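With these hints in hand, go ahead and build the complete structure from the sequences.
Okay, here's what each chain looks like letter by letter:
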Amino acid sequence: MGVINSGFGGRHGSSDPRLPPGQTHVYDWPVLSTGPTPNVDEGRWSFTITTEDEVAHRWNWSEFQEVGVEDIVTDIHCVTHWSKLDMAWRGVPIDRLFEDVETSYDYVMVRSYGGYTTNLPLEDLLDGQAWVATEAEGEPLTPEHGGPARLLVPHLYFWKSAKWIRGMEMMPSDDPGFWEQNGYHLRGDPWREERYW
Amino acid sequence: MTPIRVRWHLGRVLSRQFETESAIRLELDVPTWPGNVAGAHLDIRLTAPDGYQASRSYSLASSGESTRVMLVVQELPGGEVSPFLVRQLAEGEEIEVQGPLGRFFVWIPAEPEQSPVQLIAGGSGVVPLFSMASAREREPKGAEFRLLYSVRSPRDEFFADELAELSRTLVEIVHTRESAPGAGQPPGRLTREALAASTFPASLSPRIFICGPTPFVEAVAGWLVELGHDPTQIRTERFGGSP
Numbered sequence: 001m002g003v004i005n006s007g008f009g010g011r012h013g014s015s016d017p018r019l020p021p022g023q024t025h026v027y028d029w030p031v032l033s034t035g036p037t038p039n040v041d042e043g044r045w046s047f048t049i050t051t052e053d054e055v056a057h058r059w060n061w062s063e064f065q066e067v068g069v070e071d072i073v074t075d076i077h078c079v080t081h082w083s084k085l086d087m088a089w090r091g092v093p094i095d096r097l098f099e100d101v102e103t104s105y106d107y108v109m110v111r112s113y114g115g116y117t118t119n120l121p122l123e124d125l126l127d128g129q130a131w132v133a134t135e136a137e138g139e140p141l142t143p144e145h146g147g148p149a150r151l152l153v154p155h156l157y158f159w160k161s162a163k164w165i166r167g168m169e170m171m172p173s174d175d176p177g178f179w180e181q182n183g184y185h186l187r188g189d190p191w192r193e194e195r196y197w
Numbered sequence: 198m199t200p201i202r203v204r205w206h207l208g209r210v211l212s213r214q215f216e217t218e219s220a221i222r223l224e225l226d227v228p229t230w231p232g233n234v235a236g237a238h239l240d241i242r243l244t245a246p247d248g249y250q251a252s253r254s255y256s257l258a259s260s261g262e263s264t265r266v267m268l269v270v271q272e273l274p275g276g277e278v279s280p281f282l283v284r285q286l287a288e289g290e291e292i293e294v295q296g297p298l299g300r301f302f303v304w305i306p307a308e309p310e311q312s313p314v315q316l317i318a319g320g321s322g323v324v325p326l327f328s329m330a331s332a333r334e335r336e337p338k339g340a341e342f343r344l345l346y347s348v349r350s351p352r353d354e355f356f357a358d359e360l361a362e363l364s365r366t367l368v369e370i371v372h373t374r375e376s377a378p379g380a381g382q383p384p385g386r387l388t389r390e391a392l393a394a395s396t397f398p399a400s401l402s403p404r405i406f407i408c409g410p411t412p413f414v415e416a417v418a419g420w421l422v423e424l425g426h427d428p429t430q431i432r433t434e435r436f437g438g439s440p
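Sequence lines, in order, name chains A and B. Here the first sequence is numbered in our numbering, starting from 1 and rising by one per residue. Here the second sequence is numbered in our numbering, starting from 198 and rising by one per residue.
Hints were generated in silico from the structure; no laboratory data involved. Source: prediction; values computed, not measured. Incorrect hints may have been included.
Here are the simulated distance ranges between beta carbons [claimed, not checked]:
(1) A/104 to B/311: 40 to 50 Å
(2) A/9 to B/214: 16 to 26 Å
(3) B/288 to A/15: 24 to 34 Å
(4) A/193 to B/231: 12 to 22 Å
(5) A/27 to B/374: 25 to 35 Å
(6) A/191 to B/246: 20 to 30 Å
(7) A/193 to B/246: 14 to 24 Å
(8) A/193 to B/288: 24 to 34 Å
(9) A/48 to B/336: 39 to 49 Å
(10) A/67 to B/377: 57 to 67 Å
(11) A/104 to B/336: 49 to 59 Å
Pulled a few chain B residues facing chain A out of the computed Cβ check, cut under 8 Å [as the list claims (entries may be wrong)]:
(12) 207
(13) 244
(14) 245
(15) 251
(16) 252
(17) 253
(18) 280
(19) 281
(20) 285
(21) 293
(22) 298
(23) 300
(24) 411
(25) 419
(26) 435
From the three backbone atoms N, C-alpha and C, an ideal C-beta is built for every residue, glycine too.
Laid out in structure tokens, this is it:
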């Protein structure tokens with residue numbers, strides 16, 4: 001629009017090439033959630049993938065640990081304009097969880113304890129792009145950051161990385177999840193600024 | 198109001214007025230603004246002369262079908278955008294805004310509503326809740342409203358005059374650091390017991406909106422669940438993101 005705010009200097013520290021447009025580098029880790037933090041202890045946690053054949057692939061906490069974890073260092077980008085760079089994460093790759101899953105559906109509804117949902121195409125979850133994370137920065141995930149386990153899809157805005165994850169349900173079409181029904185973009189690529197629709 | 202497509206708009210600063218020593222009330226004229234529901238927010242984008250840009254989200258204090266919008270911005274020391282908005286942005290200056298944003302942490306008067314509405318604010322988190330109370334004020338009939346507002350001291354209160362004049366929202370203010378002169382009780386942080394005493398009980402199944410800094414929201418939402426409130430009736434919004 002060609003508006004210049006002549007008195008605005010800005011910090012310019014945010015011109016790191018790893019920052020998508022409209023994002024600012026932060027060093028703390030802000031918390032965002034839509035309601036009270038659910039209390040999910042590892043004893044009652046489980047993770048389930050369900051398909052069109054009503055087949056359920058289910059892991060409890062200890063079975064889940066045996067699937068095999070990976071260490072990841074990645075940047076995360078929140079739609080509220082902050083990004084956190086070089087974060088250390090540990091989690092189970094989604095690829096491993098889908099090894100025995102047979103489905104012809106291309107989309108996934110992610111479901112969380114507390115009722116949160118978010119939609120993703122399966123192709124955004126496979127090929128080393130996503131994990132179910134249980135640790136961040138060397139510590140178990142705290143409840144306010146989604147502990148004991150949250151989805152980690154760092155190449156999309158962070159509302160896609162659902163906290164308190166409990167499962168994934170295969171879908172034939174890309175039906176909107178919670179924020180996607182509330183004005184946020186169906187896919188959420190930070191490099192294309194897919195924030196709202 | 199049906200959802201309105203989000204887009205960029207050009208706004209002009211109509212007035213600026215200090216709300217507290219470190220917060221500014223900005224009234225913007227946005228000719229293409231489609232109106233917004235109470236609780237909505239917008240993104241502000243600033244552009245420096247060399248082309249550098251920075252964006253931040255701010256809650257709106259105003260609602261309804263007006264092309265004038267109001268917000269109150271708290272200065273965050275060492276921040277990049279808020280000190281400019283509070284100290285430097287001039288009357289008449291143009292800024293880019295994107296919105297209206299948010300369809301979840303909102304209150305819409307037309308919705309049929311049996312249960313009362315409890316608003317709980319920590320510090321500058323009062324802005325979207327003030328917007329909801331103001332929207333309620335414009336309706337002759339509707340749900341019962343209460344606002345519990347936790348703030349450091351009387352000097353730090355936003356909307357002090359407007360809150361005192363609300364007739365359809367019962368307002369209770371808790372000062373955490375410094376009380377008003379002659380106040381009956383010493384300042385202090387909100388406790389679970391004080392929260393229970395100053396809000397609608399769980400037996401009335403109120404809809405609850407909480408906005409404030411993360412530790413405040415975490416504590417209050419946790420206490421409300423302990424007090425028997427249905428977690429699905431509690432909506433939260435937190436700040437503490439990018440300064």
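Report task. For the hint on residue 293 of chain B, just tell me whether its beta-carbon gets within less than 8 Å of chain A. Result -> holds, 5 Å
Query raised in the report: Does the interface hint hold: is residue 435 of chain B within less than 8 Å of chain A, judged Cβ to Cβ?
Result: holds, 6 Å
Query - Cβ separation of residue 48 of chain A and residue 336 of chain B, checked against the hinted range 39 to 49 Å - result: holds, 44 Å
Report task. Answer holds if the nearest beta-carbon of chain A is closer than 8 Å to that of residue 244 of chain B; otherwise answer violated. Result -> Since the shortest Cβ distance to chain A is 5 Å, the answer is holds.
Query raised in the report: Should the hint that residue 193 of chain A and residue 246 of chain B are 14 to 24 Å apart at their CB atoms be regarded as holding?
Result: holds, 23 Å
Query - Restraint check, 8 Å cut-off on beta carbons, for residue 285 of chain B near chain A - result: holds, 4 Å
Query raised in the report: Does the Cβ-Cβ separation between residue 193 of chain A and residue 231 of chain B fall within 12 to 22 Å?
Result: holds, 21 Å
Query raised in the report: In this structure, is the beta-carbon distance linking residue 193 of chain A and residue 288 of chain B contained in 24 to 34 Å?
Result: holds, 30 Å
Requested in this report: With a cut-off of 8 Å on the beta carbons, see whether residue 411 of chain B makes it to chain A.
Outcome: Residue 411 of chain B check passes; min Cβ-Cβ to chain A is 5 Å, inside 8 Å.
Query raised in the report: Between residue 191 of chain A and residue 246 of chain B, does the beta-carbon spacing fit 20 to 30 Å?
Result: holds, 26 Å
Requested in this report: Please test the hint of 49 to 59 Å on the beta carbon pair from residue 104 of chain A and residue 336 of chain B.
Outcome: holds, 50 Å
Query raised in the report: Do the Cβ positions of residue 27 of chain A and residue 374 of chain B conform to the proposed distance bound of 25 to 35 Å?
Result: Given about 27 Å between the Cβ atoms, the range holds.
When each numbered hint is compared with the structure, a violation occurs for hint 18 only.
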